Amino acid sequence: MQALPLLKLGQIYRAELQLLEAISEFQSARPSYTTHHFLTELFEIHQGHIVQLDKINEVVRFSPASDVELPDKLRKLVAKNCFPERLLFSWLHEFGVQLLELYKATTKLNKTFKETLPTSAWKQLQALEEQQSLKVVQLTDLLQQTTKIIAPSVWYS
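The sequence shown begins at 2 in the numbering used here and counts up one residue at a time.
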């Protein structure tokens with residue numbers, strides 16, 4: 002097995018874990034009912050992604066690290082319990098796009114190196130990429146519906 006696809010799988014896995022942790026932090030800040038409902042749905046979907054990635058990792062006998070931390074600025078804003086929804090959706094959208102790019106890069110590597118992943122793992126990875134693509138579209142719509150414009154760079158340390 003090539004090392005590069007495994008590296009990409011590890012990056013995707015850690016990004017999914019970081020997103021789950023961020024969503025948990027957002028939910029603990031007690032957002033509006035609609036936002037909380039969306040975050041709950043998003044959390045369940047990405048938990049499913051982790052389960053699928055675990056299956057892929059089991060097939061290829063790979064164990065990615067899970068020591069992921071949120072940026073300090075994110076923790077500080079969430080601790081204040083007064084962050085605007087526009088900022089929340091802006092961060093989720095930007096993170097979702099980056100995660101989708103990781104999925105695309107990994108599937109492209111698999112095509113480039115002539116099917117380095119087993120077929121079952123390859124199909125699961127393609128399904129996860131499609132789900133993430135749909136979530137990015139949904140996040141784009143939500144981002145356009147929110148009114149207050151704030152730079153997403155505020156979230157990063």
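These aren't lab readings, by the way, just hints derived from the structure by calculation.
Being a predicted model, the structure only gives us computed values, none of them experimental.
Just to be clear, a hint being listed does not mean it is correct.
Unchecked claim - Now the in silico label distances, taken between C-beta atoms and shown as ranges:
hint, residue 1, residue 2, range
1, A106, V60, 17 to 23 Å
2, K56, Q28, 34 to 40 Å
3, R15, K109, 28 to 34 Å
4, T35, K112, 37 to 43 Å
Positions of the beta carbon are idealized from the N, C-alpha and C atoms, including for glycine.
Hint check:
no.: 1; hint: A106 x V60: 17 to 23 Å; in the structure: 20 Å, holds
no.: 2; hint: K56 x Q28: 34 to 40 Å; in the structure: 26 Å, violated
no.: 3; hint: R15 x K109: 28 to 34 Å; in the structure: 19 Å, violated
no.: 4; hint: T35 x K112: 37 to 43 Å; in the structure: 39 Å, holds
Of the hints listed earlier, those the structure fails to meet are numbers 2, 3, in rising order.
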